[in-house]
Amino acid sequence: MDWGALHTILGGVNKHSTSIGKIWLTVLFIFRIMILVVAAERVWGDEQDDFVCNTLQPGCRNVCYDHFFPISHIRLWALQLIFVSTPALLVAMHVAYRRHEKKRQFRKGDQKCEYKDIEEIRRQRFRIEGSLWWTYTSSIFFRLIFEAVFMYAFYFMYDGFRMPRLMKCNAWPCPNTVDCFVSRPTEKTVFTIFMIAVSSICMILNVAELCYLLTKFFLRRSKKAGNPKHQPNHENKEETKQNEMNELISDSCQNTVIGFSS
Amino acid sequence: MSWRFLRDLLSGVNKYSTGIGRIWIAVVFIFHLLVYIAAAENIWRYEHDEFECNIKQPGCENVCFDHFFPVSHIRLWALQLIMVSTPSLLVVFHVAYRENREKHQTQKLYRSPRKIDGGLLCTYFISLILKAGLEIVFLVLFYKLYDGFKVPRLVKCDIRPCPNTVDCYISKPTEKMIFLCFLVATSCLCIALNLSELSHLIFKYSIKCNLKRYIEKRQ
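For the record, the sequence lines run as chains A and B. The letter at position 10 of the first sequence is residue 10 when you use my numbering, and the numbering goes up by one with no holes. The letter at position 57 of the second sequence is residue 319 when you use my numbering, and the numbering goes up by one with no holes.
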C-alpha cells in the first residue's frame, strides 16, 4: 500500500472529471506526489540526525529540534496531499451509487433502461449534471479549502517559507542560548518554494474548474429557459467527441504517470 | 507479505458491504493505513536511537526506553489496523460457505448468497460489533499504557543501572502527539461509522420484519 494505491483510486475518478480536473490530477501526481516520493523524502531523510547544536548537553538537541519543527515539512505535505485527494472520493462514491442504481434497474428488466448489458453500465461515463454536479462542485470547494488551510499552516508554523541555516535555542535543558544548525537549508527552501508554487497552481486550476462549471450551469439554464425545443442529439454528439478526445489525452497522461507507482 | 495484503483483503470485503461499510473501508484505507505508511512510520523509525538520557552509564538508556515504551506507539497502531480489519473476514468466509453449499446442492438455497439476510446478517452484526469493540480496546490500551495521548519531551528515570534519577528526552514529541491525536480522531470516526451501520441495519430489518408480520396478519 503506498501512493500507487491512491493513484488507482483517483484514476477511476479521472474518467468522470472535466478537462481541467484531469489536468489537476496530472499535476497532483507528477509534480507533487512524485516529487515528494522521489526527491523531497531524501532531502528531509536525515533531518534530525544532521540537526546539530553547539552544545554537548544531552537532550538539548532533541528539545530544540522539537521546538523548531513541531511537525516536519515532509509529513505536513503528505497530510496535505491525502486531504486534498480525499474530496475526489465523494465523486467516486456518487458515481458508484449511480452505477449501482442503474444495475438494479437493468436486473429488474426496466423498460426505461437503455443499456444492453452490465459491462456497458460499468464502462459508461456519467455527465456532470444534476446531483453529480453538486457533488463535483462541493469536492472542488473542499479541495480549495484544504489547500488554503495547509498553506496557511505552513506559513504560520515556519514563519514564512524560508529555511534558515541557523536557529538560536534556549529551551531547557540547554544551559544558555545555543546555536543550532539545520541540515541542507537551501535545498529545503528550494523544495518548499517548489511545493508552494505547485499548490498555488493547483488552487488556480480548482478555481478555474469551479468557474467553468458555474458558467456551464448558468448557460445551460438560460438555454433551457430561452429555447425549450433544443436538440439534445446534436449537443450530445459534440460532447461525446470532446469526451473521447479528453479520454485520449488523459489515457496518455496516465500511461506516463503509471511508471512511478511501485 | 506487506500492507498490500491488507489492502487486497479489504478490497475483497468491499463487495459484501453496505454503503456505510464502504465509507468505513475508505476511511481505514486513507486515514489509517495511508497516513501510517506515508507519514507515521518515518517519525517513529529511529525512536530508540534518538532517545537520549543525560547520563553516560551503559544500559541506562536501554532500560529507561524499555520502561517508558513497553510497546511502541507505531507497533500498537499496526496491530490495531490488522485486528480491526480482520472481523470483516468472517463475512467473506460466510459468503464463501454459502456459495460452496449452493454449488453442491441441486436446488437454489438462497435468494443470493451475497445478500445480507438470515445467517449472513448475524455474521455481519458480529463483525460490526467486533470491529467497534476492538477499536475501543486499542484506544483504551493506548490511554492506559501512555497515561493519556500526550507525548512528553522529558521523562525522569531512576531504574537500575541508572545511578540516580536521570533526565531522558524523547525525540519529536510534538509530531508524535499530533499523529496520535489524528489516530484517535480516525478511530473515533470508525467507531461512529460502525455503530451507525449497526443501528441502520437493525432499524432496516426490524421494519422489514414488522411489515412482513403485518402483511401476514392482514392475510
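The hints are simulated quantities; they were obtained by calculation from the structure and are not laboratory data. Do not rely on the hints blindly, as some may be mistaken.
Said to hold, decoys possible - The following label-pair restraints were derived from C-beta to C-beta distances: (1) A/Val149 - B/Glu364: 49 to 57 Å; (2) A/Leu214 - B/Gly410: 34 to 42 Å; (3) B/Glu303 - A/Glu187: 31 to 39 Å.
Said to hold, decoys possible - Calculated pairs, BS3-like style, for lysine-lysine (alpha carbon to alpha carbon, straight line, at most 30 Å): (4) B/Lys277 - B/Lys418; (5) A/Lys188 - A/Lys102; (6) A/Lys168 - A/Lys22; (7) A/Lys22 - B/Lys418; (8) B/Lys377 - A/Lys168; (9) A/Lys102 - B/Lys418; (10) B/Lys377 - A/Lys108; (11) A/Lys103 - B/Lys418; (12) B/Lys365 - A/Lys22; (13) B/Lys277 - A/Lys103; (14) A/Lys102 - B/Lys470; (15) B/Lys277 - A/Lys15.
Computed from a prediction, not measured in an experiment: that's the story for all the values here. From the three backbone atoms N, C-alpha and C, an ideal C-beta is built for every residue, glycine too.
Hints and how they fare:
{"no.": "1", "hint": "A/Val149 - B/Glu364: 49 to 57 Å", "in the structure": "52 Å, holds"}
{"no.": "2", "hint": "A/Leu214 - B/Gly410: 34 to 42 Å", "in the structure": "47 Å, violated"}
{"no.": "3", "hint": "B/Glu303 - A/Glu187: 31 to 39 Å", "in the structure": "23 Å, violated"}
{"no.": "4", "hint": "B/Lys277 - B/Lys418", "in the structure": "51 Å, violated"}
{"no.": "5", "hint": "A/Lys188 - A/Lys102", "in the structure": "50 Å, violated"}
{"no.": "6", "hint": "A/Lys168 - A/Lys22", "in the structure": "45 Å, violated"}
{"no.": "7", "hint": "A/Lys22 - B/Lys418", "in the structure": "54 Å, violated"}
{"no.": "8", "hint": "B/Lys377 - A/Lys168", "in the structure": "64 Å, violated"}
{"no.": "9", "hint": "A/Lys102 - B/Lys418", "in the structure": "64 Å, violated"}
{"no.": "10", "hint": "B/Lys377 - A/Lys108", "in the structure": "16 Å, holds"}
{"no.": "11", "hint": "A/Lys103 - B/Lys418", "in the structure": "63 Å, violated"}
{"no.": "12", "hint": "B/Lys365 - A/Lys22", "in the structure": "45 Å, violated"}
{"no.": "13", "hint": "B/Lys277 - A/Lys103", "in the structure": "14 Å, holds"}
{"no.": "14", "hint": "A/Lys102 - B/Lys470", "in the structure": "24 Å, holds"}
{"no.": "15", "hint": "B/Lys277 - A/Lys15", "in the structure": "21 Å, holds"}
In summary, the structure is inconsistent with hints 2, 3, 4, 5, 6, 7, 8, 9, 11 and 12 from the numbered list given earlier, while agreeing with the others.
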